[in-house]
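Number of protein chains: 4
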Amino acid sequence: MKIVTIGGGSSYTPEIIEGFINRHKNLPVSEIWLVDIEAGKKKLETVGRLAQRMVEKAGINCKVHLTLNRREALKGASFVTTQFRVGLMEARILDERIPLSHGMIGQETNGFGGFMKALRTIPVILDIAKDMEELCPNAWLINFTNPSSMVTEAVQRFSKIKCVGLCNVPIYLVKTAEQMLGDSNFLLHCVGMNHYLWARHLYYKGNDILPEKLADFVRTTNESEQVRNVKNIPWDVNFVQHLGMMPVSYHRYYYMTEQMLEEELTKFDGGKGKTRGQEVKEVEEKLFKLYEDPDLAVKPKELEERGGTYYSDAACDLIQAIYTNNHQIMIVNTQNNGTLPFLPDDATIETSAMITDAGPIPLKATALPIIAQTELHIMKTFERLTIEAAISGNYDTAIQALTLNPLVKKGEITRQVLNEMIQAHKAHLPKWQVRK
Amino acid sequence: MKIVTIGGGSSYTPEIIEGFINRHKNLPVSEIWLVDIEAGKKKLETVGRLAQRMVEKAGINCKVHLTLNRREALKGASFVTTQFRVGLMEARILDERIPLSHGMIGQETNGFGGFMKALRTIPVILDIAKDMEELCPNAWLINFTNPSSMVTEAVQRFSKIKCVGLCNVPIYLVKTAEQMLGDSNFLLHCVGMNHYLWARHLYYKGNDILPEKLADFVRTTNESEQVRNVKNIPWDVNFVQHLGMMPVSYHRYYYMTEQMLEEELTKFDGGKGKTRGQEVKEVEEKLFKLYEDPDLAVKPKELEERGGTYYSDAACDLIQAIYTNNHQIMIVNTQNNGTLPFLPDDATIETSAMITDAGPIPLKATALPIIAQTELHIMKTFERLTIEAAISGNYDTAIQALTLNPLVKKGEITRQVLNEMIQAHKAHLPKWQVRK
Amino acid sequence: MKIVTIGGGSSYTPEIIEGFINRHKNLPVSEIWLVDIEAGKKKLETVGRLAQRMVEKAGINCKVHLTLNRREALKGASFVTTQFRVGLMEARILDERIPLSHGMIGQETNGFGGFMKALRTIPVILDIAKDMEELCPNAWLINFTNPSSMVTEAVQRFSKIKCVGLCNVPIYLVKTAEQMLGDSNFLLHCVGMNHYLWARHLYYKGNDILPEKLADFVRTTNESEQVRNVKNIPWDVNFVQHLGMMPVSYHRYYYMTEQMLEEELTKFDGGKGKTRGQEVKEVEEKLFKLYEDPDLAVKPKELEERGGTYYSDAACDLIQAIYTNNHQIMIVNTQNNGTLPFLPDDATIETSAMITDAGPIPLKATALPIIAQTELHIMKTFERLTIEAAISGNYDTAIQALTLNPLVKKGEITRQVLNEMIQAHKAHLPKWQVRK
Amino acid sequence: MKIVTIGGGSSYTPEIIEGFINRHKNLPVSEIWLVDIEAGKKKLETVGRLAQRMVEKAGINCKVHLTLNRREALKGASFVTTQFRVGLMEARILDERIPLSHGMIGQETNGFGGFMKALRTIPVILDIAKDMEELCPNAWLINFTNPSSMVTEAVQRFSKIKCVGLCNVPIYLVKTAEQMLGDSNFLLHCVGMNHYLWARHLYYKGNDILPEKLADFVRTTNESEQVRNVKNIPWDVNFVQHLGMMPVSYHRYYYMTEQMLEEELTKFDGGKGKTRGQEVKEVEEKLFKLYEDPDLAVKPKELEERGGTYYSDAACDLIQAIYTNNHQIMIVNTQNNGTLPFLPDDATIETSAMITDAGPIPLKATALPIIAQTELHIMKTFERLTIEAAISGNYDTAIQALTLNPLVKKGEITRQVLNEMIQAHKAHLPKWQVRK
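Protein chains in written order, with full-length UniProt numbering: chain A, 1 to 436; chain B, 1 to 436; chain C, 1 to 436; chain D, 1 to 436.
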């Protein structure tokens, strides 16, 4: 079994390698190909050698290849994972800083920043999918490149490659439920979209206890460690109880927009402060320092500070579930097909699903509250217009998408910031031109 | 035929009186009852006497009654029109100033202000409808009390009274089309919701010419006089053409939020400036000065400055169309019943309809673009949650409604402003209490 | 204004000519082209000369042309009407007799017979529409070729020609309501599909009186003259009242299948009896005898026995309504576009609509009872599969369509009768082959 | 754990007892209460004593109680299964013979017979559910009383009791797939309604192989043993391939109505022949003879001839899956909740689902072909009208339901046969009266 990791020079790589090592008995990976581009060559070599040392130390029968030749790597692959970032961390920092300088949420996957990341990433992922159609048409593409919902939907709609999107955010919901119950023998049925997911049912000892446990769930969430990317501003118990479902951390951008914005603007400090991207960049630099140590042959603990914890674990679990057809229930990004009847059949949603070797089969939840249906309708229409814009390069479609996004300021300013963004990301947006 | 006008002390009254005078041949109104509350007694007397002089001068067979006794007035009425304002102009001014002082759009019918107006008005209109069920169960309620969409929907869903909502905004679309074509022999098919309406088709000489005439339509709109309440910031031709439909003036709050907000904040000047409500109040004071003149026996030209031009004209047209069953096409607020299949059947929408003596029958337009469907989905869900909150007094439902509204800031601030509003409007919100 | 009538050699022609003569003041038709095929040459000449004598006698400024050259006729036409019959009356007789010989309803437009007529007619109408796209792209096609719903839908979906379908059956509903009320000042709002239509609302003096007048409506229908094609078996008042809408005559095939079948089988008498097609053929022969009389210059009264009364009247009314943009309410076959939200947007339905010069705009009725929705779902799916089969020639699609039709026997017999039909109609079904 | 079996005197009982014996290790049932009514006392004693001997011989720690006191039995139950037949086998025989004598399909669960069975059974099951609400509100009702879809839906909609419906028919699909593949390591994803179910996907080794295996599936089905109740007339490979899904045996009543009817009529022989009910009655009499043997202490092999094979096995599997929360995939009758988006949320459907201790969670299949959607729409509307009639006793609703059913003759005959049925089943239809 051959695994290919696009963006193999990422600081995350030791985590996924550890994942494969730990599962080797049930998931006998024989080749791991770490692929990167010329600009990431140095990082690829550093982290790649660590990966090789890890595998060697583990004593498993598996070979780690490092390459800049994507097509060579893809040939005959069984699973392809993606963790690349078009424009590297510098692009993310622009996605954060430009909106902030105009008083808008500046965030990697939400609002204007998430929109720009989609414009840059979708053409690249479709290129990869096209290569896969030729070189490994039966391989699974396990996407955890953000914005995961849009990137996954682009592949699912515009290529023939089997693709599942993954995210670490839902895992925090599950961990919190576990912490609250002091028991792991439950089923948390989640449904929504990536970064816009809710826990809808909590099945425990024969009943859906979510309604009576919501207040408790909120308290546990407010007090426990959550995803690092999003400031853990406490949820209002009344608000969540009236909603009747448990939101994920990222919902704060929509339900507490002002507090999140204030928080970000304070940190940004009129341009003098750092954004999350810059912090992560520093963490990464430190990590790569560690990775260079030729005596290091395990995943260093410091990687956990990086943010994307559980990501690679989820990816390895998913690969194993597909490979062994073990019918595990996971929360994944897959095609709607009527699971949320008010969204198009070919929309990508995030949902609890049973994993089979033919892919995820969504579990059907009861109808969402009308407010949640409305929110998903907004977010998905924004996403579909964004995907359309990313593929066509149509400026007006871009404006229309942004006009629907609740985190973007509307009117003349939308055009101005879009122009500024096109200018700033010019190298990675070949189809796009400023419009006066 | 007996007509009752609730809020008869309004400065608008001369317009509706003129309307009945002009149509008297086809619409033989024999009694007009102007009703107001104690607080509006003086204005009722002033404008009421003018009304009486107007009718007398016109020499038609019709008697104008002035009363503070609503139930007496309603008995046996054929048509009831409403133009009242719970809390008078002072309440409107609060609806504008409080949001502005928190950096949000401060507007009578949109955003936080419109929400508060709905909370105050819906219980009152339902009281009126209840009286009507008893005293004139077959009468038509012609509502032009704002926010018209929510007020009309409340009556249509929660009483047995036949109700149609009216607005002057669509008339500007029609006037603009007329100006553009230099011809009045066309059919402008409009659909959407009140203050969120689009011209969807422009039938002219056998074809729907809207698509090729949109740019022209935009230019004509940008250059012509429009509804006074909304600053006429020019539309971007590209934006409208990509949308494929002609928006109304109020769409600027949603498509150019930043410019509208800036405009308002500049005028507000940190609290030192006046809002539209205050201007209107001054205009009204001047009007009432004029109305006092015992020699005045026609509608004074100055009333046109007031803002609601065409309103009363529309009301008289509608009453005549119902009375004569003339199958006129008008743009009215009526129940959806599948006209917009993605909204509930019992939602009130604004649409071109054929008027019969059994009420409006909507004309069916082709499917809206997905972006418009999404926007209406948001706005209608906001409205339905607001109606629910207005009836129940539930604080959490109010927060949920506001969280969906694109013109309201989200998070802790929502609660703070709601509390401030409840405090400020205490006298007209008996069910509502501040929540810390 | 040039009118073209395809199938101009039909015995109906004097009626449509009379219609144009009577309306000439408002509808100044200057040329009428009667087109037929070689096989219909003699009839065309006979009825065509009568038409010429009628126009001459009326003294209007209009010329009647007779031609076998369809393309010459179509050039520059304003309106094209169709009244042709592929395979002439002989084909209809086969459509009736073959199903009857297998114990199934044998009827021109319903069941197996209607299905076969669609297979023969759809390719021909699409050919005509293709000619029109080239020779008179702005002309209106007024279709009254049966099965009207499928033939109209085929044109509306698979050509660019503007097309409205018409039928005389709804007129009987209107006439019956008029007879019942003793007044013509009402609005009968009908909705459904061709030959599967219901009166949904009866607006009269300000109210929808249908519910309380249904029993009366049933009685009036049972006692009055109805469409000649369908035996007037009395409706059960209980049944119709529970349905809550007034059915058309053709509904008897679905709601009283057994009685209709018995009636037909008795008349058929094991093959010794005549079917309706044979009777009509005889009537037609007599009519043509009359038509030959060079002194005849008006529509002979005997034509009314023929069956399609009101058809041509409806066509002339529709043409006039489009031409003068008079906003008349008519019951027509037009695209659904959400009027019946449970059917596809591009399905052709029959509905009350306001006629404009840009075509019919459907009036929106309230939701149909669930049983009616289900029935229309069946009938429309049958129709769409039939259209698909008529275009593709796919045998399995044909079987699938027939399997859904409530008047067709299911199983091996379906295949047998389809084979027999293909054999019998071979000359007009070039794409079809028997399958053993 | 206490299990209650309503209709415990059924000849099936030894099978369910064997099921509990075989699963005792994982499903430690401690009490089994067999309940029956006075009329079934003798059978209850015979089969009950056999059950007691079986349990004793198996040496498991479980007690079998026999009682005519349903309320005593229900108190504190964990699971209640139902296998009763209102009116016993005599009622079934009438359901078969009366329609046949009028030339209609005479069948226990389909057409007129299934309709009558629903009228008799639904009031009784709702009584049982009412008792359960009082005596064992947390128990699961495992229904395998036919017509299972309607009986289960009645409980799911009109009581608070948790209910799952079961049928043995889907098991034959699974067995046939197993036989075809020579492997049991596949997932057959089925969806539809009870006795109207299709295999939609066949996941095997990472792919949905149903499309390319359909012809094979048809051949295997045609050649293998299938459910005994339905004559195994071979499927037409073309028909099934065009459908794109594998039908169940009962689909023959709808897809091959004529052949099935001929088959039945031949056997019925103008009233001289036996129906399936009579055969089963004879088999049962023989079985009860066997059961009386005091030396018999195992399920006799002859029971397999009875027809309902796998039924009890399915029930025991389901009870075990709920009890152990083992996430097994089973095909069950449960609430739709959007699984089939074109049917109401509260409709009961049959679908592959993951079984948890909180009930089944449906697996989401891709959209059904439009023909299947239409068919389910018919069948479900028929069912819902039938349930409504069974509860209300409304004669017109009954006629409406029957008019929709494809196996029932329409018109005057419907009323005649309904009257005959009401007369024949008088003792078990207290609400119903003949209408002349």
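Rather than coming from a laboratory, the hints here were simulated on the basis of the structure. Idealized CB from N, CA, C, for every residue including glycine. One should not assume that every hint holds.
In silico lysine-lysine, PhoX-like type, Cα no more than 25 Å apart, as pairs [unchecked claim]: (1) Lys231(C) - Lys213(B); (2) Lys160(B) - Lys231(C); (3) Lys75(A) - Lys162(A); (4) Lys231(D) - Lys231(C); (5) Lys2(B) - Lys205(C); (6) Lys231(D) - Lys436(C); (7) Lys160(A) - Lys231(D); (8) Lys160(B) - Lys162(C).
Just a sample of chain C residues kept apart from chain D, beta carbon distances all over 10 Å, derived [to be verified]: (9) Glu258; (10) Asn337; (11) Pro406.
Computed footprint of chain A on chain B, listed as stretches where at least three residues anywhere in the stretch have a Cβ under 8 Å from a Cβ of chain A [claimed, not checked]: (12) 27 to 39; (13) 114 to 125; (14) 251 to 262; (15) 315 to 321; (16) 376 to 382.
Here is what the structure says about each hint:
1. Lys231(C) - Lys213(B): With a Cα-Cα distance of about 53 Å, the restraint between Lys231(C) and Lys213(B) is violated, given a limit of 25 Å.
2. Lys160(B) - Lys231(C): Distance ~43 Å between Lys160(B) and Lys231(C) Cα, so the pair is violated.
3. Lys75(A) - Lys162(A): holds, 16 Å
4. Lys231(D) - Lys231(C): violated, 39 Å
5. Lys2(B) - Lys205(C): holds, 18 Å
6. Lys231(D) - Lys436(C): holds, 23 Å
7. Lys160(A) - Lys231(D): Given pair Lys160(A), Lys231(D) is violated - Cα atoms ~43 Å apart, limit 25 Å.
8. Lys160(B) - Lys162(C): violated, 42 Å
9. Glu258: violated, 4 Å
10. Asn337: holds, 19 Å
11. Pro406: violated, 7 Å
12. 27 to 39: With 0 residues closer than 8 Å to chain A, the region 27 to 39 of chain B misses the three-residue bar; violated.
13. 114 to 125: Contact hint for the region 114 to 125 of chain B vs chain A: violated, 0 residues under 8 Å.
14. 251 to 262: Answer holds; 7 residues pass the 8 Å Cβ test.
15. 315 to 321: Violated: only 0 residues of the region 315 to 321 of chain B have a Cβ under 8 Å from chain A.
16. 376 to 382: Satisfied; 3 residues make the cut.
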